[in-house]
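There are 2 protein chains.
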Amino acid sequence: MSDTEFVIEPGRQDIIMTRVFGAPREVVFRAVTDPELIPRWWGPHFLTTRVDLMEVRPGGRWRYVNIDARGREYAFGGVYHDVVAPERFVRTWAFEGWPEDVALETVTLVEADGRTKYVAQSVHRSVEARDAIVRADGPRGGRESMDRLAEVLASH
Amino acid sequence: MSDTEFVIEPGRQDIIMTRVFGAPREVVFRAVTDPELIPRWWGPHFLTTRVDLMEVRPGGRWRYVNIDARGREYAFGGVYHDVVAPERFVRTWAFEGWPEDVALETVTLVEADGRTKYVAQSVHRSVEARDAIVRADGPRGGRESMDRLAEVLASH
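Heads up: the protein sequence lines correspond to chains A and B, in order. Converting from the first sequence to the numbering used here requires adding 1 to each position, the first position being numbered 1. Converting from the second sequence to the numbering used here requires adding 1 to each position, the first position being numbered 1.
Please note: incorrect hints may appear among the correct ones.
For chains that are exact copies, the list does not tell them apart, and a pair is met inside one copy or across any two.
Below are the SDA-like pairs computed for lysine to any residue, each with C-alpha atoms no more than 25 angstroms apart in a straight line [what the hints assert, rightly or not]: (1) Lys118 <-> Glu74; (2) Lys118 <-> Ala32; (3) Lys118 <-> Gly72; (4) Lys118 <-> Arg141; (5) Lys118 <-> Val84; (6) Lys118 <-> Val135; (7) Lys118 <-> Tyr75; (8) Lys118 <-> Asp69.
No lab work stands behind these hints: they were computed from the structure.
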């Protein structure tokens with residue numbers, strides 16, 4: 002069961018993913034910016050994740066590696082534009098296999114009644130680049146990440 | 002007279018600006034990544050430009066300040082995602098007055114017959130944010146920058 006919602010409109014260049022977590026904003030912000038916790042929730046269920054680099058500050062770089070059951074690696078990374086705790090961060094990202102398809106991700110956290118709405122928007126260079134991510138099952142990876150993050154938050 | 006072309010389609014989130022310069026790609030790339038030269042071409046004719054920061058490498062930050070005749074300052078900045086000399090660079094940018102409207106700029110240089118096609122694409126978080134830049138005369142600033150850059154290149 003997932004309560005993750007997506008907005009993926011035809012002809013637009015972005016994907017918006019929204020999830021409400023039953024935890025205060027400070028707790029959610031810490032969880033999503035803590036390199037130690039990333040392997041516990043980032044990525045789809047069937048892959049493991051290694052954090053090679055995660056400098057959570059303007060100009061900081063990040064690099065996560067997804068590893069499949071055969072040991073093949075798929076690396077993603079970019080740089081942080083802005084980090085405004087506990088409200089939002091903005092970073093670039095690209096799959097290293099498609100280094101020219103850079104996207105801009107903005108994660109915004111809004112608190113209401115002790116719950117936190119997590120909104121991740123990814124803006125792509127073209128509709129085609131965005132649609133390629135959709136075809137590559139990006140939203141499924143996002144949905145599973147959100148489910149895993151909910152479990153991490155519940156265990157704290 | 003300007004040979005700068007724009008693609009600004011309704012409902013899309015990006016602005017694409019194209020200009021052909023009569024100089025080799027290496028020369029154009031050096032000019033657009035040299036902090037000393039930025040004040041000579043970046044921005045509209047009626048403003049002066051100061052470079053506070055320009056670290057041309059992945060994770061490097063940049064900050065340019067436009068100054069009007071009354072001394073008022075308008076600052077822009079962000080971080081470099083990627084720098085692939087002499088082909089392209091990718092960086093984030095925001096006007097400091099609207100810090101949440103972060104955009105992703107990709108500058109690509111393509112050489113043909115000793116001339117260089119400069120393509121700058123700016124992808125915005127929303128159609129509305131892109132349209133606000135258009136209403137704020139962003140394309141005019143871009144066009145004037147390109148004219149000024151052509152003069153800088155011609156003087157070298």
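Pop the pair lysine 118 and tyrosine 75 into one bin, within, between, both or neither, using alpha-carbon distances up to 25 angstroms.
Neither, since 29 angstroms and 33 angstroms both go past 25 angstroms.
Within, between, both or neither: lysine 118, aspartate 69 at alpha-carbon 25 angstroms:
neither (30 angstroms within a copy, 41 angstroms between copies)
With identical chains, the pair lysine 118 and valine 135 could be close in the same copy or across copies; at 25 angstroms between alpha carbons, which is it: within, between, both, or neither?
Within one copy only: 23 angstroms inside, 31 angstroms across.
Can you tell me if lysine 118 and glycine 72 fall within 25 angstroms by alpha carbon in one copy, between copies, both or neither?
neither (35 angstroms within a copy, 42 angstroms between copies)
Regarding lysine 118 and glutamate 74, is the shortest C-alpha distance of 25 angstroms or less found within a copy, between copies, in both, or in neither?
Intra 31 angstroms, inter 36 angstroms, cutoff 25 angstroms: neither.
Copy assignment of lysine 118 with arginine 141, given that the CA separation must stay at most 25 angstroms
within (19 angstroms within a copy, 39 angstroms between copies)
With 25 angstroms as the alpha-carbon cut-off, assign the pair lysine 118 and valine 84 to within, between, both or neither.
Answer is within: at 17 angstroms inside a copy they meet the 25 angstroms cutoff, but 35 angstroms across does not.
Have a look at lysine 118 and alanine 32 and pick one of within, between, both or neither, based on CA distance no larger than 25 angstroms.
Answer is within: at 14 angstroms inside a copy they meet the 25 angstroms cutoff, but 44 angstroms across does not.
In summary, the numbered hints that this structure violates are 1, 3, 7 and 8.
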